[in-house]
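Chains as they are written, first to last, in our numbering: chain A, 1 to 373; chain B, 1 to 373; chain C, 1 to 373; chain D, 1 to 373.
Calculated from the structure, these hints are not laboratory results. For each residue, glycine too, the CB sits at the ideal point set by N, CA and C. A couple of the hints might just be wrong.
[As the list claims (entries may be wrong)] With a cut-off of at most 25 Å between alpha-carbon atoms, the simulated BS3-like pairs for lysine-lysine come out as follows: (1) D/K45 / C/K71; (2) C/K45 / D/K222; (3) B/K222 / D/K222; (4) A/K222 / C/K45; (5) A/K45 / B/K222.
[Unchecked claim] Selected chain A positions facing chain B (in silico; Cβ < 8 Å): (6) A43; (7) A63; (8) L65; (9) S97; (10) Q122; (11) L196; (12) Q199; (13) P200; (14) G201; (15) K202; (16) E360; (17) P371.
4 protein chains.
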Amino acid sequence: MTPRGTRRDDTVLGRARVSDTPELEAYYAELADREAGALWTVANKIEPWYPQPQSAPVLWRYAELRPLVRKALDLVSADDAGRRVVMLVNPGRRDVSAAVGLLYTGLQIMGPGESMTAHRHQAAALRFVHEGTGAWTIVDGEKLRVGPGDFAITPNGTWHEHGNEGDDGPVIWQDGLDIPLVNALDAGFYEVHPDLHQQPGKVVNASVATYGGNLLPYGAEKWARPYSPLLAWPWEATYAALRGLADAAEGSPYDGVIAEYTNPVTGGSVMPTMGAHMQLLRPGQATRAHRHTGSVVYTVAKGRGVSVIAGQRFPWRKGDIFVVPSWAWHEHANLDDSDDACLFSFDDFPVMRSLGFRREEAYADNDGHQPTL
Amino acid sequence: MTPRGTRRDDTVLGRARVSDTPELEAYYAELADREAGALWTVANKIEPWYPQPQSAPVLWRYAELRPLVRKALDLVSADDAGRRVVMLVNPGRRDVSAAVGLLYTGLQIMGPGESMTAHRHQAAALRFVHEGTGAWTIVDGEKLRVGPGDFAITPNGTWHEHGNEGDDGPVIWQDGLDIPLVNALDAGFYEVHPDLHQQPGKVVNASVATYGGNLLPYGAEKWARPYSPLLAWPWEATYAALRGLADAAEGSPYDGVIAEYTNPVTGGSVMPTMGAHMQLLRPGQATRAHRHTGSVVYTVAKGRGVSVIAGQRFPWRKGDIFVVPSWAWHEHANLDDSDDACLFSFDDFPVMRSLGFRREEAYADNDGHQPTL
Amino acid sequence: MTPRGTRRDDTVLGRARVSDTPELEAYYAELADREAGALWTVANKIEPWYPQPQSAPVLWRYAELRPLVRKALDLVSADDAGRRVVMLVNPGRRDVSAAVGLLYTGLQIMGPGESMTAHRHQAAALRFVHEGTGAWTIVDGEKLRVGPGDFAITPNGTWHEHGNEGDDGPVIWQDGLDIPLVNALDAGFYEVHPDLHQQPGKVVNASVATYGGNLLPYGAEKWARPYSPLLAWPWEATYAALRGLADAAEGSPYDGVIAEYTNPVTGGSVMPTMGAHMQLLRPGQATRAHRHTGSVVYTVAKGRGVSVIAGQRFPWRKGDIFVVPSWAWHEHANLDDSDDACLFSFDDFPVMRSLGFRREEAYADNDGHQPTL
Amino acid sequence: MTPRGTRRDDTVLGRARVSDTPELEAYYAELADREAGALWTVANKIEPWYPQPQSAPVLWRYAELRPLVRKALDLVSADDAGRRVVMLVNPGRRDVSAAVGLLYTGLQIMGPGESMTAHRHQAAALRFVHEGTGAWTIVDGEKLRVGPGDFAITPNGTWHEHGNEGDDGPVIWQDGLDIPLVNALDAGFYEVHPDLHQQPGKVVNASVATYGGNLLPYGAEKWARPYSPLLAWPWEATYAALRGLADAAEGSPYDGVIAEYTNPVTGGSVMPTMGAHMQLLRPGQATRAHRHTGSVVYTVAKGRGVSVIAGQRFPWRKGDIFVVPSWAWHEHANLDDSDDACLFSFDDFPVMRSLGFRREEAYADNDGHQPTL
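So here's chain A without its partners, still in its complex pose (with noise of 0.2 Å):
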């Protein structure tokens, strides 16, 4: 089933090829009347050869969203802004205020002391921390302590409320929900915890201390909700673990050494709806090209490199957010000959899985390199 590319329609029996006549146009306005239409109007837009993606791919540069987001600290409070976050607007999705296909994501920033209400929401969210030390998220009534590096969950449905309990600083972590999906699919419920707080558990991150050792606790075998149990990866651990890869095993051509923050009851994603992955380019490294239906958000943990993406080049430094839309080209480099380099990312891969609908290519031209402009 390799798409045979772009071209012409009208040449190929076997696509929509209906010129418009006056007896035709007629027609059209007679089946508009009646909520109709004439699918081959239509045909070939709606069923291209491949994916069209509204997205563009985008770089945002971590030294010039800080100033903004910081500047949200004075111009609003968290009260009233319910979270005080500058989300990350691919200029094609506008309309569903997504940073690439139906994910969205957003800086937030909360200052010394703040913290927010407990809600809930069928959305599914993720966070990954830029900076501050003092972040903490209740999820569900665990309370989780989280520093730089370190990713966490709130898979669909759970209580969540955060603040920053650190006094040298505010916290800035990155946000990561599937709003436009749960909206594209009119899905979306919201509620406001009928205390505004939860009263969580002593133990603080009690599922990192459950789920360590590749062990499974006792009660495990009794988890049926479909996301995991496990609720933070700190940094260290994730780090260590990718460098204990890359001695033992040779990774992607196309991500480097790559692995993919699981559910350990079930050895799946950890959301239904988003997954999450941390990858190291060794130093020097420059991956291969490839393509694949799914659309991804990348966030630079780590060092400094070069992404090119359908072409188009985008360096990148620590902190830096950069976005893949849906069968796009794309490949990765670590502009350092001496450090390795990491890229966090999320996904709606799990989405893609669930539906049949991955897809991937490999770049085959050019000892797997686009050519760039």
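Given chain A's structure and the hints, the job is docking chains B, C and D onto it.
What follows is chains B, C and D alone, placed relative to chain A:
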């Protein structure tokens, strides 16, 4: 997680309630310059209390559509149209050619002796035959003959082509596809068959002969594709099964005697993105109202009745098509006191289940019946 | 992992080859005193090159068993016997009352008007009816009427009782149980119904009416037990399905046109410890030989033929029962040139699959046919 | 389905209660001539009220076994023995060389510099290291180094060989295998490696490096074998995980702080036929008694305590091995008031679960503690 209903967000702690000021407007412009925005300006809209579909409940009368569909026979050739289809377009979903939610449906007409070329696409398709005796389709090499009331599938990625080998008039069948879903997820592919036509196997309706009697044939254990190897469900067996079920079980309070067309190898839905049901309403039966996430396209297969959707009455008879948007209250009644009525339907429930989006609620008041206008 | 066949172990490096000495014998005695032993004294025996079943191939002629079974009617009362059953016992498995491997089978007789009390047990049971028209069984409250050629199940843990409500002679049916397996795993439980009898629901064969036409009824998605909710498969539908399958498919080279009785909710075997098949041999068909792990009990449902098992010929006709031990070569032939023959069988294949023990091999030589003595 | 306990069967309607008569004895002889029997002569025995294991509770003291194991070093060469192992044999299971139920265990010794040849078999194996620092094993090409307290697996069908590359004394490790299960199901195969030895990959403990931090590496989604790709669990990480779990969770009332070694790709047991656990008893902790189907072999990994099994006290200390037969009441106590104690165990629970045989019951009386003799 019961939603709290609609109310003014600006009075609720936990919702965004920031008023515009000149300073903020300048800030918003600054954000827009960097492909960013302030979440609190859209938060209440993109995280609603409960689903806010753009789709409206609509009923299309077959008596009105049929002349329009037949007119297409003369207006366009099959070759030029690709497929000669009058699609049903929800007034709120014209941008994506959807009948409801992310589901497409249309009425396709084929004159005696006509046939269409073969293609395949990522979108999954299903058929429900309205009239005509000569319809056939070839799906991945298996020829199927289908008549009125028959249900057949063309799973994602299968080669397919069809035609009318009868000589007593045109065939009209209804297509159902997940095209809007595939496009929303940027996952669409399309291919014309290299030979324009397939070579079918010798046995017609082979999969129907193969999967009978609740037995699975040799080799079925190796079936690894994400859809049903059984491709068609003839009306006679389906109706007999519903009658048997009506004798043995009470059925659903909301849907009467209802059963799902099933993948015999897994017991799951026929395809990963669309499910299909047939339901029988006993003579005079009026079901209670409920609502659920997920969109549904109904087609009246037998009898006459009325459905109340979001408080609006939609009387129906055989051949009529109507839609229920996500989270809209709905209930059905058979208006014939001596004969049963049957509704065929297809839906996106498999998507709702895979993504953890399924939710349902019974209408509690007034003995389960909505007030109507 | 092709086995290397039998050969002298003491010439092979990697096998135990320790000769007894007085010193070693003293050592073995010392070990025995402490409930211990030396592995190398038994290693070659307990880790054979390939399976070494204690079961032999056996065929029981129905013509010979039937008078013995009928005699039991007069010799013991149903109440005293619990169940009046002549069990078939493999000469190599008398210690565990097995017909082959860890499978039990027997012929049960019930006189007109007789009924048995209700009980339940961990062991799973199945029935295949040989003769008589009045047989019934109640399984967890569902009354089933079964006639010759019908297959029914009594899954592990379900209350069940049965009887003969006809007045034209006794019923003889065949029981199949996994009792020896349950005992080998120390997992057997048994309970007499507190009221000695169940109150059946009003609808006879309700599950047969409920699961037809490859549709699943409302509520089926909530079925969580590890066995089929469909409890009986009447002969007529089974035979019709086999005939349809014979038209549409070639079948298996080893088994002819064969299909497995299936749990409609999962597409899996009817119970977690025993599967069942019906196979049709076309007129004159002689299959090729293969062997596999797993034990099988066959019952001739129709026609006459011969099976060659481990090189030994077993001619059979309707009602005869024969067994194939694990890893024994076997092939089947229909000796009638104008009519088909049918073999019912039950097996422990679900156990083989669950535990990762399933292995199969085709007989390569002599055009797939074993030499016979 | 609570069992009713033992009682006289002949007083219960629903149990067999036929007395021998000359006429019946003649009948039984006639049946025996035809490889048949009367079910009612064995029914009460083969369908007991509750499990009747032939296995007894047994404890083997490491202090007593160790000299016997070391003696084997001098008595037989590794090449002649194949593996130099003292197996632990339950007095009720000598016929199948089982330690309990269908589980085999033994203590294997390898002198400095020794190595064993490579083979593979259907039986699955696991190791728990008692003493010595030079142990290694190669499993399907991956070299593992294992030390005291480490757990490693050799899944069914994998090539494996092992040895001792240390120079400071012999290695003693404990083997656990499902040999009796494999034989009970007539499913055993055995092969010597054609080259007698494998060529290991360059990275030692590669799978341990690969599966850390609750991340799954690139390629893990394609793992399709029925066992864990992670092959070893070092003691340090396991103990740390148990300590973390002890901080975060209460644990089981019957087993203290217990966790299962897990296949990271599925969240299931490490192999389809055997599971393994490590449990920590807090200082002074005494658990409550329960019983369950399934057999268990325990090894004391740390500390000292006592277990009560079927009313019998078994004091233990580090290195001791004891077994709990299916459905035997059992409870554990740590006799040290200041340090924790750890029990390693392996079991047939995966088999119990796959076959639907798992059942558990808490000891209700006497505050959960059995009376002891």
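### Task
Grab the minimum C-beta distance from A/S97 to chain B and call the hint holds if it beats 8 Å, violated otherwise.
Holds: closest Cβ of chain B sits about 5 Å from A/S97, inside 8 Å.
### Query
Do the alpha carbons of A/K45 and B/K222 lie within 25 Å of each other, as the hint requires?
Status violated; Cα separation ~37 Å.
### Task
Verify the interface restraint on A/G201: the C-beta must sit less than 8 Å from at least one C-beta of chain B.
21 Å, violated
### Message
Restraint: A/L196 near chain B, CB-CB cut 8 Å. Satisfied or not?
### Response
6 Å, holds
### Closest C-beta approach of A/K202 to chain B relative to 8 Å, hint status
26 Å, violated
### Message
Tell me if the interface restraint on A/P200 is satisfied: Cβ within less than 8 Å of some Cβ in chain B.
### Response
At about 18 Å, which exceeds the 8 Å cut-off, the nearest Cβ of chain B leaves the hint on A/P200 violated.
### Query
Does A/A63 pass the interface check with chain B, least Cβ-Cβ distance below 8 Å?
This interface hint is violated because 11 Å lies over the 8 Å limit.
### Task
Starting from C/K45, check that the Cα of D/K222 is at most 25 Å away, please.
At roughly 37 Å apart (the allowed maximum being 25 Å), D/K222 and C/K45 break the hint.
### Task
Have a go at the A/Q122 hint: is there a Cβ in chain B nearer than 8 Å to its own Cβ?
7 Å, holds
### Message
Need the status of pair D/K45, C/K71: alpha-carbon distance at most 25 Å?
### Response
24 Å, holds
### Message
Given A/Q199 as an interface hint, is its Cβ closer than 8 Å to any Cβ of chain B?
### Response
17 Å, violated
### Query
Are the Cα atoms of B/K222 and D/K222 separated by 25 Å or less?
Status holds; Cα separation ~17 Å.
Of the numbered hints stated above, those contradicted by the structure are hints 2, 4, 5, 7, 12, 13, 14, 15, 16, 17, listed in ascending order.
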